[in-house]
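Visitor: Given chain A, work out where chain B should sit, using these hints.
Read top to bottom, the protein sequences are chains A and B. The numbering of the first sequence is full-length UniProt numbering, which starts it at 1 and goes up by one. The numbering of the second sequence is full-length UniProt numbering, which starts it at 1 and goes up by one.
Derived by calculation from the structure, the hints in this document are not laboratory data. Be careful, since some hints might not be right.
Rough simulated footprint, nothing fancy, chain A against chain B, three-plus residues with beta-carbon under 8 Å [what the hints assert, rightly or not]:
| # | segment |
| --- | --- |
| 1 | 21-27 |
| 2 | 120-128 |
| 3 | 152-159 |
Glycine residues also receive a C-beta, built at the ideal position from the N, C-alpha and C atoms.
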Amino acid sequence: MTGRQLGPVLLTARGVTRVHGEGATAVRALDGVDLDIRLGELVAVMGASGSGKSTLLNIVGGLDTPTTGSVTLAGDELSALDARARARLRRRAVGYVFQDFNLIPALTAAENVSLPRELDGIGGRTARAEARAALREVGVDHLADRFPDEMSGGQQQRVAIARALVGPRRLVLADEPTGALDSTTGEDVMRVLRARIDAGAAGLLVTHEPRFAAWADRTVFLRDGVVVDGTGRRLEPWSLQAAGSI
Amino acid sequence: MSVRQGMLALLAQEPMHAYQLRQQFEARTGGTWPLNMGQVSTTLDRLVRDGLVEPVDGTEPPAYALTDAGRAAMREWWSTPVVRSAPQRDELSIKLALAVTAPDVDVTAIVQAQRTETMRALTDLTRLKADLPAAGPASDDLAWSLVLDNLVFAAEAEVRWLDHVEARVARAATQPIRPAVAADEPTRVTR
Numbered sequence: 001m002t003g004r005q006l007g008p009v010l011l012t013a014r015g016v017t018r019v020h021g022e023g024a025t026a027v028r029a030l031d032g033v034d035l036d037i038r039l040g041e042l043v044a045v046m047g048a049s050g051s052g053k054s055t056l057l058n059i060v061g062g063l064d065t066p067t068t069g070s071v072t073l074a075g076d077e078l079s080a081l082d083a084r085a086r087a088r089l090r091r092r093a094v095g096y097v098f099q100d101f102n103l104i105p106a107l108t109a110a111e112n113v114s115l116p117r118e119l120d121g122i123g124g125r126t127a128r129a130e131a132r133a134a135l136r137e138v139g140v141d142h143l144a145d146r147f148p149d150e151m152s153g154g155q156q157q158r159v160a161i162a163r164a165l166v167g168p169r170r171l172v173l174a175d176e177p178t179g180a181l182d183s184t185t186g187e188d189v190m191r192v193l194r195a196r197i198d199a200g201a202a203g204l205l206v207t208h209e210p211r212f213a214a215w216a217d218r219t220v221f222l223r224d225g226v227v228v229d230g231t232g233r234r235l236e237p238w239s240l241q242a243a244g245s246i
Numbered sequence: 001m002s003v004r005q006g007m008l009a010l011l012a013q014e015p016m017h018a019y020q021l022r023q024q025f026e027a028r029t030g031g032t033w034p035l036n037m038g039q040v041s042t043t044l045d046r047l048v049r050d051g052l053v054e055p056v057d058g059t060e061p062p063a064y065a066l067t068d069a070g071r072a073a074m075r076e077w078w079s080t081p082v083v084r085s086a087p088q089r090d091e092l093s094i095k096l097a098l099a100v101t102a103p104d105v106d107v108t109a110i111v112q113a114q115r116t117e118t119m120r121a122l123t124d125l126t127r128l129k130a131d132l133p134a135a136g137p138a139s140d141d142l143a144w145s146l147v148l149d150n151l152v153f154a155a156e157a158e159v160r161w162l163d164h165v166e167a168r169v170a171r172a173a174t175q176p177i178r179p180a181v182a183a184d185e186p187t188r189v190t191r
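This is chain A alone, in the form it adopts within the complex (with noise of 0.2 Å):
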């Protein structure tokens, strides 16, 4: 983990605002957050309750649309996209890590890693293939005939990391993966994560688990939808306007 190189960026947020409501109800959720995250990277991002920790996820995975500025997702904006381009950028790049791991209960762990490349198009023996592979890089391919009820919590999350980065994918959005494990369960699932990371994905973690944040290369915190601080790289705002990108 040390000495790690990071690559291109891959995720750029610029003043994301995102308003919910209208007139005197109006909330705003984002409050001109602006993130990069780049190929070898994982971003924590923590903050209370109500904080915008879901709803930037969901923006930068393209579910939730900002109400002004943009998000770029591996060169593509997402605003300039309509629904059916963005749906399929998201399909191809996005990967989505959940508390409850989300497997489907009557597919086989490789017929849930599968599943994604068999929508994107890509024919079943080479998404089987290519399911298979993923398993292996987080250590359960001896458990590819198994049904998620058949696997443990952390078995399972490691099937669901697996899934969130097959193929193509090269961002996965964790939304509380260790929320529903022990903590060295947890710990294991963090290393898992963060080895294919490092062998080439980035990553957005949302979790209120500072153990489980502090495997991230940084962590930043919202506060009523905006950021109000960070650990390591800090953003600079300036020089970005110096070079006209806001």
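Guide: Okay, now just chain B, sitting in the frame of chain A:
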């Protein structure tokens, strides 16, 4: 950790001379609490004086082994919890306790700056952990990784406490201030 008890625990495994003791103590704790040779020699002298340790005949440099009394002291250490009743003086607790009562101090800013600093320390500790093998570490690695875990959990507890402080301060700011009751006045209940 008590150096005295730590050295007794090491000598319970096998006789060692002073330099070996220092080396082993640091290996088991990952150098978290470095010892100098002076501390080791002084502690050994006291353990000999108290009859818990004795030099092994014919060893050069002299190796030391536990006496029966030393073994009994060890058994008692393992079977007695570490007493936690007296809190250690903590600069951060004192700083925040004074901040919440001081005029013109932005407690939220203090909390945020500290949270960032503690989170940075926690990230550094986690990097050290990540560099250790995940499964089946050698026994020295296991000992060191458990010491690291202790530091990790302590840093996490501090971040959680800071979250709690922030929430309490925010809540207090929205509630009307009640005058403190002087110690010599009878407490009145108002409805």
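Visitor: With a C-beta cutoff of 8 Å, work out whether three or more residues of the segment 152-159 of chain B approach chain A closely enough for the coverage to hold.
Guide: holds (count 5)
Visitor: Are 3 or more residues of the segment 120-128 of chain B near chain A, judged by a Cβ distance of less than 8 Å?
Guide: That given contact holds, which follows from 6 residues of the segment 120-128 of chain B lying within Cβ reach (below 8 Å) of chain A.
Visitor: Are there at least three residues in the segment 21-27 of chain B whose beta carbon sits under 8 Å from a beta carbon of chain A?
Guide: Violated - the segment 21-27 of chain B has 0 residues with a Cβ nearer than 8 Å to chain A, which falls short of three.
Consistency note: the structure conflicts with earlier hint 1 alone.
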